[in-house]
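Enquirer: Listed here are the chains, written in short residue letters.
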Amino acid sequence: MSVLRKRIHRYFLFMLFIYSSTIVCAQAPTTREYQIKAAFIFNFTQFTEFPAGSFSSPQAPFVIGVLGKNPFGSYLEQTVAGETVNGHPLVIQYYSNTDDIKGCHILFINLTDANKIEDAIDKLEGQNILTVGDAPYFLNNGGMIRFYTKNNKMQLQINLEAAKAANVVISSKLLRLAEIFTPAK
Amino acid sequence: MLLFLCLIMLSNKVFAQTEDSTLSSQTLKKLSLEELMNVEVTSLSMRPEKLTEVASAIQVITGEDIHRSGVTRLPEAMRLASNLQIAQANSHDFAITARGFNGLPAAGGILANKLQVTIDGRSVYTPLLGGVYWDVQNVMLPDLDRVEVVSGPGGTLWGANAVNGVINVVSKTAKETQGLYVSGASGSFLQDQLSMRYGFRLDSNIFMRVYAQRFDQRNTILSNGNSAQDAWNMTQGGFRMDYYMSKANTLTVQGDVYAGNENDSAKLNVTNGQNILARFTHDFSPKSNLTIKAYYDRTYRTTPNQLPQPFNYELNTFDLDIQHHFVIGKRQNILWGVGYRFQKDNASQSFTPLSRDMPLYSTFIQDEISLVPDRLKLTIGSKFLNNVFTGFEYQPSARMTFTPNKRHTVWTAVSRAVRIPSRFDSDITITPIKFTSEKVIAYELGYRVRPVDQLTLSFSTFYNRYYDLRSLDSFPSVTTPIVVANSQMAESYGFEFSGNFQATDWWRVRGGYTFFSKRIWSTSSGVFPLSVEFEGVDPKNIVSLQSIMDLSNNLQFDLTGRYVDVLPQTIASPLVPSYYTFDARIAWVFKAFEISLVGQNLLQNQHTEVGTSQIPRTVYGKVVCQF
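Taken in sequence, the protein lines are chains V and H. First residue of the first sequence: 1, per the working numbering; consecutive thereafter. First residue of the second sequence: 1, per the working numbering; consecutive thereafter.
With the rest of the complex left out, here is chain H:
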């Protein structure tokens, strides 16, 4: 049926893929101006112009990197950023963090609470446990422009909970995704995945796309060889409209709807959600612009297996953000903004109160001062926020960038960031002890170099000190013998190394190495030993490498390999051995068609990344056609 549909489309009109890195001059000149403007300038995934100016440990994964890796879902794609620590807990859950604190392994990744994640500016961090439910963060991967992964505090710009890092998922504009895209995949672990997008023009300056996708994922395997019974599926649809109202004004409206069913040891979890976002930008002049963004997000899930009775949770978020950027004189670039977020949730049990109104007011200002033009830049700023749990908080940072010439950048930063209490921290145990914010002071130093045009390398190193870290303390009460408190401190240090190497015009290699070490200690005597593991059991060493190869104009061969170090045994979880594994993709591209065969986790029959479920080796085939 799918093939038939593709054939019909093929007979109508064919034009080459604009993402293809081996376009000939003959193909290029046939493209319209709009299409030409969508062609990627370099197949280098990093954007040196921009990256060399940023004083942070940022890694960028492009849509092309994701496409060529053969991953099928957003959390899997995050593995392409070597500054992230990622562990797949079961068929649907992932633990993802930067610079450690990935949560208790047995909790299956839902306790990684120090990483802020936004999708097109919409925060997907949940205040329930703190962290991100990755199972419901599904974007249409072909419509993804890039993922920016910043390790290190991002609190000054991104607000609370960006303690250890920020992930910004950025989708392409509707203008960049014109035409029809249809793909179908099927395999041994990924049972099936169907995606469809249609991008069209409503008017000369209004672009639109609509999409729908559905996938079914099979079970992972328990250590005794039995099925973990965690197969699941997700159906999602959405749209994006970009209206170029005038040279100075742009309006974007986008939204998604999703619903899924997840087996959890044979019981069924239900997830669903809806969101809509509008963003208006106005340019007063090339030196001054304004962005107004508003969104509404509703997300709902049931978790029947957690407790004797099903736990249902609904969260509604409304957010309004205004940002203004302007230049003073020749030396100062000011960015400031105000934000209001209102969250209201509803838990079916365990939390007191069951439903909470969580208003959040925030404002920030950042000044980028050029101390020596084109050489030395100082960026200082702070976010101030007022939240319902702890009241006033501040998150300042100072960053210095030294660019002796275009090829070298040295940067250093000191920042303070906070994690405001989650509902779990604040409302699960009711005692006179009040949970306050966790704080970090982070010191960073980085060096970015482009020794030759084909090669970019980035090094960053950090030392973090955490205050008022969460702990589980004993409490002298028969009804509440345990209390969530702030009786721990921690320090962590490490370094991240990443690179991108365009070896030839048909071969590119990218990847990195991350070393991480942390120490947690308690500041009072009543702390349960479990408290240490509760915050995270993290691998010391991680290596990730991706090779992207065009064997000919029609043939692509890609490899993605990774190494993750051992997770030591704790009182609450068994040792997880270190592992190497790799994915391979081979694809044949002909006109509007792409047929690919992908193998994932090929090195072992199955391997454990965290907890008890084992991720099987898998192979799937995929057909794409786009017009």
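For reference, chain V alone in the conformation it holds in the complex:
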């Protein structure tokens, strides 16, 4: 019995030791967050309408782009594999430079610096692109849909005016579930 007790005691000490050690090597927990965001972005393809001119042909791809460092790993590819939207096959493209962006429909902007976000969005003016991001001031900087977490659940914030300006129509179903952002005048 006392041997067992000693063992248990050691086990507890060991667990405590794990706690106090700060040297940790493990997979980043953000992956799951971006897995969920990828699923949301896939959903956006069905709840947004783009002007007819934004597709060169009925078979032209529906392009989901990522600007900046790719935080999704392969989740976007896994999510859209084999999927189409109104006959348009879904493709993923990665951009390191805003000037490279052509024929993109949904763009995830993975930038955190407010000035850089604003610059990127300014350069996209005139194109019909739904801009998505998760930076705190993403909507203030002209972005359209922002992800944020509340109570450990993913929430959406939508800047309707920015979407209207780009001629992108967001369905009422999506709007109903999101918080509508009103830009400070």
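Source of the hints: derived by calculation from the structure; they are not laboratory data. No experiment lies behind these values; they were computed from the predicted model shown. No false leads were slipped in.
Part of the chain H face toward chain V, derived, beta carbon under 10 Å:
id, residue
1, Lys30
2, Arg146
3, Ser285
Ideal Cβ positions, reconstructed from N, Cα and C, are used throughout, including at glycine.
Got chain V sorted already, so can you dock chain H onto it with the hints?
Expert: Just chain H now, kept in the frame of chain V:
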């Protein structure tokens, strides 16, 4: 029968559990937008965004932590917060406190009077003895979002009796609990537990759920091996409706009904109660919102074994609360509110008067001032209240938070809180000596750190000084030789350490260690020595650890271990030895089904936590299906 029901449901429609932490991208994309919004973002149970901003020793237990621990009832789930001191007295009663003062062990946990507890904003603290009757606080655990456990005074926001801490039990919205959930469990100590919930949509923006549950719990064991004859059962049902009236307005209405029978050494206690709560929130702007909450609660119990004649007690509570939050400029966040509570009770004997009207008026204001944006924050505020026993009371606090960067937070606080007299303190002995409020001045210092994304650690330390602490004094009268007075003082100090570590994407460990020490002394000569024990016999050291493991997509293996230090012998109670024990859960998850086997208190045949009853080792099996 249950299995048959599940099979029928399975053939109709199946979608994966949204709580599952190992969802694939293929599963995720099939979820509707609403379902996606219910998926937990991190399997980390703490919410770093929020927690790093709070200047208090808060620990959060998520619904997922509770699910994976295998506990079957709310008070058991509280063990997952290592800043609480918990002792199960018998089959139905628990003593739960933070920072000590868990009451006389022999009293079976009903004297822990310094912890405020709310369930979805409804206070369940009873003014009879002061404290919480945990046997009747049963919530449907799968519908629980989280439990926020704050050790340290919460009087500024939460009102009277939050002297040593506050527990807020928060349930999920009806929107988050759509569909059917059915579960059945049976085992050696938990005889049976049946739960059923159905969540549905009344209209495009009105969500509703209804639930019912029933459990029977078996006897604990006396030291001579005989049954303690304290088996009991509880049947409960309720509903919640969330109406998203517009972008700015939300209305929630919820209610519960319960009734139970408890054996108490072969005599039968009866408990029952009903409550209904409505909460309306209106957003004027993102920077300003209003919450109006009202509830009615009735609770009734008989306690036949306490006295020669049965003691019956009924309490009716009506409460109205209004809170307004707004921002001034860029630096000030103001929260203020007013509240009115009316309680009326009815005791069958022993109290003078037998029935009392207990109106309580309160108001509070709190200002959160950003001294250096994103770095240094000062929160000051006070609650003011007027109660029927002692009149005017105030509960100020000042808290400072320093956040040098996102990974580190240092906070410190000074607060004053009061415990207003219970009916026991005020109305059990009638003498010219009037019982006044107990007061505490608490000094706290804390540090929260996230050295890497996978790890959060929290340290807090405190020094509390109590004034006008309750005492039992001798009184020169033949009819009333004893009087409840305020002739004690106390000091306590200790620290709490907790952490959450996501070791890999399939393994998470959480837990903590709490050290506590207190000293009580009398301020007059007529104090009975029993007075010290009467306020609490508390363990010095507590360790709690939980390991949550996904062995594969379908297989879960979870462990919960704890160590509780010795409760020293007193003139009124025997020594309770320290104990280690652990619970284990293994579960197989397949589509809408979950089959689990849980063992609790596995290390010994039985062990004593407080008093004389011994809690047996137990094993139960459980089947869950949800659609």
